[in-house]
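Undergrad: Here is how the chains run, residue by residue.
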Amino acid sequence: MRFMTIYRPAGRKSLEADVPPTEEEMMKMGAFIEELSKAGVLLAADGLLSSKTGALVRQSNGSVTVTDGPFAESKELIGGFVILRVKSRAEAIEVTERFLKLAGDGECEVREMYDEPAAG
Amino acid sequence: MRQLFEDVVSAAVTAADTHRTIDAVWRIEAPKLIAGLARMVRDVGLAEELAQDALVAALEKWPETGIPDNPAAWLMQTAKNRGIDRLRRLKLASRKEDEAAREIEAQLEAAMPDLEAALDDDAGDERLGLIFTACHPVLTADARAALTLRLLGGLTTDEIARAFLVPEPTMAQRIVRAKRTLTDARVPFEVPRGEDRAARLASVLEVIYLIFNEGYSATSGANWVRPALCEEALRLGRALAGLAPQEPEVHGLLSLMEIQASRLAARVGPDGEPILLLDQDRSRWDQFLIRRGLKGLERAETLAKESKTALGPYTLQAALAACHARARKAEDTDWARIVGIYGALASLTPSPVIELNRAVALGMLMGPAAGLEIVDALKDEPALRNYHPLPSVRGDLLKKLGRMAEARAEFERAASMTGNEREKKLLLDRAKACTEAQN
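Sequence order for the protein chains is A and V. Everything in the first sequence is counted per the numbering used here, starting at 1 for the first residue and increasing by one. Everything in the second sequence is counted per the numbering used here, starting at 1001 for the first residue and increasing by one.
Next comes chain A alone, as it looks inside the complex (with noise of 0.2 Å):
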């Protein structure tokens, strides 16, 4: 089973300050990351820049528009995102605690990712 896990920081202060992540976070983070791979069960996994660089794009009855970030209007923003895959719906939660322990205070999204049907 594939899973999605989006990662949502409390707080939008320090995702938006485009302020890099310490030397500390960042070895944690890589800790982790290392720790996932050696488990088997890591297929993708990246952080994102502040909405600054991003836009937001929208339909709606048809016409598109363009807003270009920051989001002022949206509360939690999508810090990153890991692909996970595993035997179980519980595995995935049980790393996914794994992570927000090391991340810091926020929400972890679990997703189930739809599958090919023979390798599932």
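A hint or two may mislead.
Unchecked claim - Reference excerpt, derived from the structure (chain V facing chain A, CB under 7 Å, subset only): (1) 1020; (2) 1028; (3) 1238; (4) 1239; (5) 1242; (6) 1243; (7) 1272; (8) 1275.
Because the hints were derived from the structure by calculation, they are not lab data. Using N, Cα and C, we set each Cβ at its ideal position, and we do this for glycine too.
Use these hints to put chain V onto chain A, whose structure you have.
TA: Below, chain V alone, put in the same frame as chain A:
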């Protein structure tokens, strides 16, 4: 009454949830736990038993107490306590026993100071030692595969038995015997270095690929593929790439497995019948796995270049798989390149099987007559006497040349040689098609 019922239901739900969580924790932690313990007690079998003891304790305690904050540390601590208990008991027993027991005691005593250190530190990379031990050449290939799934995949004996379609007691026996063989042969628990390392790594890669292949084209039984085994092999391959990231062939093998696995959905028809590579609907290939596979291949090639070593057999096979993965349509396949890679592969590890595959590629590039010439030269090869792809390939080339009667005979011969029922049916269908084309 209603409240009581709800309480019972909710308790049952919590227990089930707890068991699922324990299962998840176990799958992630088992290899680390066993590896840390093995380094300390110098016996993989004993280490596995101690880890199992800790698991049983968790299954008893956690449904009542809830999952501890740091489940990994709890398991470590429990296993450690059981280990110390066992050492004490062994010491007591050995007082009454003979010289040999006293020798063991001395060894264990000497290991004691290491014990705490081994269990307290994270000991992550001990897992590499565990893979090398589980895949030690002193064991048979079957035993290596079973032990690797047990120690590094965190699978139960029952799960492994089901995956290999053997009764559970048979698999339990196989695992017990494998652990005993390691103990009797005094296989050291270590990551081999120097010259030894390459040979031992080859054994590890062989085991992982064997597990993958048993899932990818099941040699027996009613199903053509058993995806669960492919998944386990991929997980082991990814873990190995995390533990030994500088080894080109580790990335080569992972790339090969990922590209092959990308076709899992496409190589089985709606009724479970196998679909051959060139007939597959390529839109059903998993592009995510292909991208990962191509990236892994690049990494393997770069690492080989940096260390000034020639591309290894798995990297070359990954390169072959990549030729197919890159072709959006079967007719876009770069057969010239494929023939070239088979040539490189044949000079590295000469084998009639590779030669047979080269014949197929050459047949595609230059026409069936060129392919048939190579295949005919392989006809009397003793290593291929029971290898059903030989008559199958020969039948295919003959059919393309319009020699239907001969083609039919070859397909029928191939069908009589395979133990896989799905494959047998496919081959008999192809034989029948020859008869129809003839009339």
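Undergrad: For each hint, tell me whether it holds in the structure or not.
TA: Now for the hints, and whether the structure bears them out:
no. : hint : result
1   : 1020 : holds, 4 Å
2   : 1028 : holds, 5 Å
3   : 1238 : holds, 4 Å
4   : 1239 : holds, 3 Å
5   : 1242 : holds, 3 Å
6   : 1243 : holds, 5 Å
7   : 1272 : violated, 10 Å
8   : 1275 : violated, 11 Å
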